[in-house]
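There are 2 protein chains.
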Amino acid sequence: MRLSRLFVRTLRQAPAEAETASHQLLLRAGMIQQLAAGVYSYLPLAWRVMRKIEAIIRQEMDAAGGQEVAMPVLQPQELWQESGRWTDFGPELMKLKDRRERNFCLGPTHEEVATDLARRWVTSYRDLPLILYQIQTKFRDEPRPRAGLLRGREFTMKDAYSFDCDEAGLDVSYARILAAYKNIFARCGLATIVIEADSGAIGGRDSHEFVVLAETGDNEVLICSQCGYAVNQERAEMRKLPLPAEPLKPVEAIHTPGQKTIADLARFLAIPTNKTLKAVFYRADEQIIFCVIRGDLEINETKLANTLRRAWNIGRDLRVAAPEDVQAAGLVAGSASPVGLQGIKIVADDSITTGQNFVVGANRRDYHLLNANYPRDFQVDIIADIALAQRGDLCARCGGSYTALRGVEVGHVFKLGTVYSTKMQACFLDGDNVQRPLVMGCYGIGLGRLLAAAIEQNHDDKGIIWPLPIAPYQIHICALDVDNPQIAATADDLYETLQRAGYEVLYDDRPVSPGVKFADADLLGMPLRLTISPRTLARDSVELKVRKEKEFRLVHGDGVLDEVKQALARA
Amino acid sequence: MRLSRLFVRTLRQAPAEAETASHQLLLRAGMIQQLAAGVYSYLPLAWRVMRKIEAIIRQEMDAAGGQEVAMPVLQPQELWQESGRWTDFGPELMKLKDRRERNFCLGPTHEEVATDLARRWVTSYRDLPLILYQIQTKFRDEPRPRAGLLRGREFTMKDAYSFDCDEAGLDVSYARILAAYKNIFARCGLATIVIEADSGAIGGRDSHEFVVLAETGDNEVLICSQCGYAVNQERAEMRKLPLPAEPLKPVEAIHTPGQKTIADLARFLAIPTNKTLKAVFYRADEQIIFCVIRGDLEINETKLANTLRRAWNIGRDLRVAAPEDVQAAGLVAGSASPVGLQGIKIVADDSITTGQNFVVGANRRDYHLLNANYPRDFQVDIIADIALAQRGDLCARCGGSYTALRGVEVGHVFKLGTVYSTKMQACFLDGDNVQRPLVMGCYGIGLGRLLAAAIEQNHDDKGIIWPLPIAPYQIHICALDVDNPQIAATADDLYETLQRAGYEVLYDDRPVSPGVKFADADLLGMPLRLTISPRTLARDSVELKVRKEKEFRLVHGDGVLDEVKQALARA
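As given, the protein sequences belong to chains A and B, one line each in that order. Just so we're aligned, residue 0 is where the first sequence starts under numbering that gives the first Met the number 0, counting upward by one. Just so we're aligned, residue 0 is where the second sequence starts under numbering that gives the first Met the number 0, counting upward by one.
Note that these hints are calculated values from the structure, not bench results. Remember, it's a predicted structure, so these values are computed and weren't measured experimentally. A few of these clues could be false.
Derived pair list, reagent style DSS-like, types lysine-lysine, alpha-carbon separation capped at 27 Å [unchecked claim]:
1) K96(A) <-> K96(B)
2) K137(A) <-> K51(B)
3) K51(B) <-> K51(A)
Bound-form chain A, shown alone (with noise of 0.2 Å):
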């Protein structure tokens, strides 16, 4: 493709507004442009890298048995209502009425319509081991779609869907998926670990995330340092070690003017922050949510998310309290106390009960509490595990130290069971013509987060660094002087050569200076840059550059096919 007709526009500054070194990048190389608060066109170029992440997929998928399919997005209300999700999928399920008033959702993920397929097509054992997948876009209202395409609201995902008449059959099933899993992400070029993750809402016994790894991503991974564990942070959980026991003294107020944060409070009381409890608020749905925790410490929301919804089935729609709703409920921010509060939902984290005498408020501005004990001298509605694990804290298995990856979730594998299959009757007659409830599993890959972490892995302050099997070209060409004929035809001829030789070239012909070419190749980040100016054309050369190297090097005309061979091999 000639860079003069390629429908793309590079920028030298990133937009304000992207945060990450994908989202900057993405938009620098003119690879998406945003038509609305996390809803994106691709444009070629990246709709080149989605179009080879796809083939890869579908290999991988193939080998593993799967069988492709496409559902759709249009489903209706009574599926999900037989799933129980119509509701407890939250605001992030889209729903809308077509012209007879029937309703709908645009699919954010495909248990309901898989599992049906199968209730209607599978009868026996016989139809069984069965792997469905589908490459689609899926819709979900993120409260806070943001990064590009690390978080949008419509989407491309690889789904598949398991059955099986038994759990070892599942098992099979799983390890299979999680074995074309990984094959896909190394076969994308890019570095990944597989991590322990928790089934959370969906229930079922095991559940994988693979997790790209990039000092950019939004995924903070704790991985144990003395066993291995790792495990995303938002479900990490950790040892709380009590502190040392102490006799327990009577409750005191005690006046502290203008200690609002832990910090201050110790510092004013000299004590260390894992002597106080902290109070944290929440809004979850329309309610008010008091949580308290241990000093030192910070909620998890994805923790405190899932005990609200067993709890009391509320928080889908969870964000920290606006200072107006904490007045409003009555409560002092900054000495805001569990003891005394009336008519407002508490969640404790169970730190509160690893300790004696801690610092409380005491709903009273300036003023806080010495000695609060629980239950002595206040009550919980609940006490759960709402603590955010972070790098030093303990490893919950082995007692040994967490330390911390970042990175960016691609890829995650649940085990289901016959979670689905219950609710919705998708059984089959087992060999002795028992009818029994199919075992499934669910398994997913964004590709654009895929394509997104793929540039958070690989790029540096010039721009992208393509995986040279995700690329949208795997050689760039830049031809200066173009006005030259001489240049002209050597660098058509070029370009003429490497593509009857199966390459993939991008070249850029663009009457534009060399500064201007060199820095949109290496923010477009193709592999391979081959470089054809007076210069080269003098020694009957041309210049080459990995695009993930420093050095660049002149070889000769004749040998241009070998030399491309060996520098993509490395690249």
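Chain A is already provided as a structure; the job is to place chain B on it using the hints.
Relative to chain A, chain B alone:
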């Protein structure tokens, strides 16, 4: 693929609701599954066909200079307000609100998004010409989704948009894509005709449709046997010759007991039907429309809808009025008349001016009026051409006679001109640095319709006969008596051999009767069937049958690959 593992189940009977051949056969062959009215899952065999069609389209669009992108389904209201189509598109536009109450529609087509992309990215004539295309899911809330994949509410489309400097440039882009379309349909193995189409509400200069010829198609194409003009019946005009002139006679009421239809009335009065005027009632949005047309002609609802939209901006939701609507409007069905009618909109076909002294209703049960003449005796709100041209009618261009062919419309191309670019201010700087609106074309192919049309064109009473280039598999092996280990081994061996030779093979390895196997092979429709049975085994041979031929013959095992090659060349 072994049929024992394939996610498919064939049916002996077509479900009662399936009207057309493709709908019946797709259901019987287990290729699609309905999820809601006009919303289908594609199961593995049909999806393979879609993927092959996709690949052919992509190659030809790329060869025509198209650049592939992917535009979103979710499209904000603001964009559709710029083009005026947020309301103009009517109830087929599916709308929803996001969690922040912002209005979106589900893209039924992408002129707005494509124009928006072009105005953001195209600045100068140097960026032109530009052809963008995508293969993507579209949504239209059809009033009467029907016929399986022929008219769905969610469907896959290849849509393309061309951008040029001027009309001459548009002509070039248009011709390139027209040529690409011809290649696409030919490469799919389908006989199509290109017909001129009216660009209707979209405006612009030229428009063509591609129709896959099929006796069972839902479109009637009229072709002038004299000048060759070919046009879709829903858009065809015709010459309406004047009847022999007569002096006007006075109106006279006549008792016509029980004569409700035009045929009855004409017989009762012993006059030709073209001496009567017929009343037909429609409901356009919420209004009753009284249509009057010469008794021998029928109403063309597409023309009527266009007329209503142009005149009063109504009629997007047009249907024949229900008897209760007619009665509520004070009309006497069977004797309704434009004479003396008040308070109801009247639309007349211009055929009412082709004669004198017509018989019309009297708005009185069992009475009609003789010698009604327009405009002497009645007025109308609009006179326009709203008549349905039929085979035998006279060509609008040359006065020759129309013959008719049936088919399925699978592609449509339009010269849009500057309709969208003017409304949406999508401009470029020309060579003189003058800002001018982009000159656009748009081009669509319905992939699901194409798949269904392929079946409409290629089937018999036993099942589908896939054209080779888009067949799910090229070869279908039937192994009869698979419990015989020699049969199984021979068939397995043939299956491996053919796959190694690069063929796609469906292998019926199920322990079912020969009758079931042959019936399924005919139903599923792969181009070539190879049978291994005790009989062929005894002769060290394979039975070979091309699906579309009647004969089968034995070929010796050694020569199978050569014979397969030759047979597929005929298939």
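Structure-based check of each hint:
1. K96(A) <-> K96(B): Given that 27 Å is the threshold and the Cα spacing comes to 10 Å, the pair holds.
2. K137(A) <-> K51(B): holds, 23 Å
3. K51(B) <-> K51(A): Given pair K51(B), K51(A) holds - Cα atoms ~17 Å apart, limit 27 Å.
When each numbered hint is compared with the structure, no violation occurs for any of them.
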